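S.K.: Single-letter residue listing:
Number of protein chains: 2
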Amino acid sequence: MVTTPGDPGCVGFPEDSSKENAMKNVKIGILGIGTVGAGVYELLEKHKKVIGKKSGIDIEIKKIADKAAERRKLLNIPASIFTPDADDVISDPDIRIVVQLIGGTTVSRELMLKAISHKKNIVTANKALLAEHGVEIFKAVVKEEVEFGYEASVGGGIPIIKTIRESLVGNQIDKVIGIVNGTTNFILTKMMREDLSFDEALKIAQELGFAEADPYLDVSGWDACHKITILSSLAFNTPVDMSKVFVEGIEGIHMKDIQYADELGFVPKLLAIAERHDNGVLVRVHPSLVSKENPLAAVSWEDNAIMLYSDFLGKSMYYGKGAGAKPTASAVVGDITDIALKITSKTEYNKNRYSFYQDLQQKDFETSRTKFYFRFSALDRPGILSKIAGILGKNNISIASVIQKETEEEFEHVPLVILTHEALEADTRRAVKEIDGLSEVEGKSIKIRVIEG
Amino acid sequence: MVTTPGDPGCVGFPEDSSKENAMKNVKIGILGIGTVGAGVYELLEKHKKVIGKKSGIDIEIKKIADKAAERRKLLNIPASIFTPDADDVISDPDIRIVVQLIGGTTVSRELMLKAISHKKNIVTANKALLAEHGVEIFKAVVKEEVEFGYEASVGGGIPIIKTIRESLVGNQIDKVIGIVNGTTNFILTKMMREDLSFDEALKIAQELGFAEADPYLDVSGWDACHKITILSSLAFNTPVDMSKVFVEGIEGIHMKDIQYADELGFVPKLLAIAERHDNGVLVRVHPSLVSKENPLAAVSWEDNAIMLYSDFLGKSMYYGKGAGAKPTASAVVGDITDIALKITSKTEYNKNRYSFYQDLQQKDFETSRTKFYFRFSALDRPGILSKIAGILGKNNISIASVIQKETEEEFEHVPLVILTHEALEADTRRAVKEIDGLSEVEGKSIKIRVIEG
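From first to last, the protein sequence lines stand for chains V and C.
When you line the first sequence up against my numbering, it's residues 1 to 453, in that order.
When you line the second sequence up against my numbering, it's residues 1 to 453, in that order.
It is worth saying that the hints were derived from the structure and are not from the lab.
Nothing here was measured: the structure is a model prediction, and the numbers come from that model.
Accuracy of the hints is not assured; some may be wrong.
Identical chains share a label here; the pair holds if one copy fits it or two copies do between them.
[As the list claims (entries may be wrong)] Keeping only pairs whose Cα atoms sit at most 20 angstroms apart, straight-line, the calculated SDA-like set for lysine to any residue is:
#1 LYS342 to ASN352
#2 LYS292 to ASP262
#3 LYS175 to THR238
#4 LYS444 to TYR260
Between the sequences and the hints, there should be enough to build the whole structure, so can you do that?
M.R.: And the structure:
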């Protein structure tokens, strides 16, 4: 008789129970018990036993360090494992993994490097730290031969780091496009679905907790820049300098352009993009118009998604919650378990994991080529379209379609929307400057990049 | 000076080059060099060196076994590594990993069990074999303490197995919804976008190579059943009996219902669904209507996607090409590299990885609850709606909305479309039977499940 999957006699393979793996205890310490820390604590309280059954690892929180003593009471953490002093965690010889959940790039950097120098394996969610000091940290990691998990730093719980590093190891990745900031995606979705201005949508996002009181880091694109710096460095296996990444936020996006884009079959997204480009790598963050046919267009509200273009797998996308205590905790605990399995298994240290094998040149954004959406506010007079088209043509920008929008009669200027074929960023800058100088054109023209694929 | 990621002095950490890992050679053998085998061969030819740089593993194909000698010439495989005899691979003491790419469930099962008994680690893409004989195979795997990779068996190169097992280890997964058959998704997309009948769309799918000459396994839902059996068994960590999975194919889907569903804001998909259900697990495959708001609705043509609902990560989705030589090769090589890293690293064997820790009861499909789309063909006479509504109500089926469609005048019967609130599968069967028996109702009524989430 063939054994079928339903045969209950096979469950747990009881006949082999004598050979069952002994549970391996791994002690961890947590630095910082803010939102994400609380999520990790809650997850381990709830699922520690099941994680043991699935992986054979018994994760034990030996110490939690946080200066804010009130967090302990709030989260019902036993006093015996709580300390105000990070050094109590870092210098504890029993602790094998330090879960570094302190934000910022100063104290967190010092503590991380100190923990590494104490031979602690590290799990972190700190994207700013990694984006700014990644090379320094990876050097220390390889020097001390410790393991380093940073799945939680990009896309919350979306397993994009593991996917790129392990699942896609047999691929050359050619492009990464991410919606990696939930705040801006929420705001753009809100603007589009409810015809709101940026300011109105931001205010609602703040009221609902999807935007910080100070939303600068998110709306300006810098948070997305941190994440694409980390992702591109891993995907292309090269150091990426954050300061060379082009970053444009969504503050300048007008309701009107979202409406026009909608009519033309596009959805506005803040995209973080990294691509191979003439043997180098070009990394950028900017508002973009995405065709409604593109799976990225369906990524709405605070959700995140990362699309990978690779030579064997082809186009693949990874979608989910990009932030929040619980999703981030999911990623942190995945990393803890992975590292625990490695360090309890006499695994030989593999330094290739944390090194770069190449140093691709980081290309200037001016050399990038995309399609463009332009909106000019021009006097409704004969000859003006020909004038604008002439300037575009002179700058090697070929027009795909022109839409002259109707407007209320009292306005002298009418919106002129132009979609272009692929053009060079540098060319569009020159062209827009010249067009904005025309006497028939009012105010600053609007330029939004159209991303296909 | 803070080291920035752009600092070229850090690339490859040259100062530590003396400590560089030695490349670890792992010899593999391939059984069957069909489409997927050719993809694996091509991938390794192209990316072997880069995989070495990324992972430290030198994957060497020592032998390829295939009865079809012409494949060797076609693929430019050196005669020295080619053999018609699978035993040459299985009994080669140098070969550590056997990549089993033979289809079917008879010869492939024998060869797989034989390879395992020879202590070979296994990588496979054979979903039918795993769905039918999974428990038997995993028992052998654990007994012989070999590693077993089957990422390629579900969703082509989409890294869903690794995601469930490793990245989401800290989650309880409550539901898995997959578009896991590219053929049916292509046909349904074609029917919807071009107003074609099932037969017309199938014919085009066959011409384009998206459907087999004998499309039965795909259109009947059985291929999807294989995949959801594998996925649910892993996601819920329990044996799942394929023969208890409810399976309904897309052969009965009418163009008319796709059009009506479109108007109502739905897209038709063949969904493979597994969910926790009263302490058990309910697994099923059937055509479904999905709201256009659902990210699964944007998964078109031959693409696949798997949505996971878990308690910490929340809703996450994994999207990509679900079949084809290259995507599948990507998954196979990911598994090979993972296993090579394990077996070259003195990693202690972890049997939890391939065991089930529970045996959830497999619930009967009759106990499932969903919303429903019904289409009845009824005489256009007063009282008929009340009669049908009465039968639905008597069977605990509550109506959400009714749409009476216009039809050409020569027809006596008009289509009556009813959307319901959540109802019990068993109740709808009774109700439809009674309604179909009414003299005012013509032919068999249409019932399509509406899946939310």
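S.K.: For every hint, state whether the structure bears it out.
M.R.: Evaluation of the provided hints:
1. LYS342 to ASN352: For LYS342 and ASN352, the Cα distance is within 20 angstroms both inside one copy (15 angstroms) and across copies (15 angstroms).
2. LYS292 to ASP262: both (9 angstroms within a copy, 16 angstroms between copies)
3. LYS175 to THR238: Intra 14 angstroms, inter 38 angstroms, cutoff 20 angstroms: intra-copy only.
4. LYS444 to TYR260: Within. Shortest intra-copy distance 17 angstroms satisfies the 20 angstroms Cα cut-off; inter-copy 46 angstroms does not.
Hint check: no violations occur; every hint is consistent with the structure.
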